[in-house]
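Given chain A, work out where chain W should sit, using these hints.
Line order of the protein sequences matches chains A and W. Just so you know, we're using numbering that gives the first Met the number 0 here: the first sequence kicks off at 0 and counts up by one. Just so you know, we're using numbering that gives the first Met the number 0 here: the second sequence kicks off at 0 and counts up by one.
Treat the hints as calculated values from the structure; they're not laboratory data. Every clue listed holds true.
In silico DSSO-like pairs for lysine-lysine, Cα to Cα no more than 30 Å straight-line:
# : chain 1 : residue 1 : chain 2 : residue 2
1 : W       : Lys-38    : A       : Lys-327
2 : A       : Lys-327   : A       : Lys-54
3 : A       : Lys-327   : W       : Lys-28
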Amino acid sequence: MQLDSAPRPAPVRARLRAAACLLLASSIPGARAAAAATTQFDASGLLYGELDRAKVVEPTLRVMRLLDNGQSFSAGLVLDAITGASPSGAMPTGRAMTTTSASGTVTNHAPGEIPTSPFSDFRGALELGWHQPLGGIVATDLVTHYSREKDYQSIGGTAALSLDLMQRLTSVTVGGGYDYDNVFPVNGVPVGLSPVVAGTGGPPDEGPTNASAVTAAAATGGTSAAVKQVPSAVVGVSRILTRRWMVSLNASRIVQRGYLTEPYKIVSVIDPDSGTTVGSITEQRPTTRDRRDLLANSVYHFGTGVFYSSYRYYWDDWGVRSHTIDLKYRRDLAEETFFQPHVRLYAQTAADFFRFGVVQGEPLPTYASSDYRLGPLRSVTLGGTYGFHVPDYPGELTVRAEYILQWGDGHPSDAVGVQRTLDLMPPLHIATVMVGYTRTF
Amino acid sequence: MMTRSRVLWLLLLTLLAPLVGGCAATSVKPWDRDLLAQKSMRFVPLPMESAIDQHIYFSKEGSMGGQEAGGGGCGCN
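So that you can see chain A by itself, here it is in the shape it has in the complex (with noise of 0.2 Å):
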């Protein structure tokens, strides 16, 4: 009987076989170079769509070339275009309404419905990187950035080296970068808490082609653009911990010094009475932010399925703390086919200078947004990766599709008149969907 039965590889046999097969690839990187894929094409397409808001079509491609000795360099290209309306910061009223955006934009509103600027914009950003092994351990990294859109420019880098300790169990890695960005609004650098102007023209990003924009030019400081400088860190551990599980720790800072303002974002002047609308001010932000956070990441492995989760807590100098928690479970359904659930919670604290309005009459703060992105806000995504291989074609697919859901605390205690009855911070619904490409050759 036991001649007829093929023996079955012991355990350590294979464990064995997985060890020479890592050992050179790990040692040897001529020879893993001459027998695996040399270059990495990725692409992708992005479709997001807020309820009543903002449209993006965003396609992305990357090339991927691995080099002799280990180096590699990559290629990236994405662009953005974006349609639709965005929030000005102007409360509802309970009233059908009129605002006029920062631009000079004028915009008609159903009552109770949050105030919204049309826009379009179009972004292209490209990205280099090169990584460079230094030896067994030592691995550097170099990445550059270009991006450009109708009103704002970014060129920038980031450096990292990694370092592996005690026999690759562990990897250390320091990095930083440095961002230099140029903001030019299409009708120049608003005076921050100054009265907005009223206008008749197009969105704002049609610039500045007839009288309207010229009138709300008139809030103004008389530039044309501003600078944001971003320099920023990072220092991170990983760990193996067993043969399924891996975990790491990073910590970032990043510090933007500059024009941290929103120039389209406006603030609603309301009666102290009756909580109407009365008119609006440009925002103003503070001209620093010091940006800190801490990552926990774990990977584990049940055999049949990669368990993912992280958690970020995250805290600046304008008061703002958030946690947030990511889940992802990669289930292998077959070879090169897998379905992977995701869910993501989120949540925030305002900023110290946020508020819905400021009431007439009072004397303005320093700083003032209403940017509900800045206020006490709550986010959820749920949403699944579905990758698969196309018999007889080579490379992987994915197709993932997710819904992200928003909102905040829109009743504040401090609300008056009409604003009581009204939620000034209603839920976004956001869907996306996005299908990916992979080959190697």
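Chain W in isolation, oriented as in the chain A frame:
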């Protein structure tokens, strides 16, 4: 009563303990790394998906950071 910063540091040290300590207790030999060598065993197994997510959340929330150093590179927030 512990302050919030002390709680934070305590949490940090608790998280760091298994990262930098326990070397003798944790010894995953090279021939035990067959699962760890799989493509799915990465902190960011789908980098493009992750990059798009970071862009979405950066533009819709008041927080940023986490995976890597870098600023916004986008006028969306």
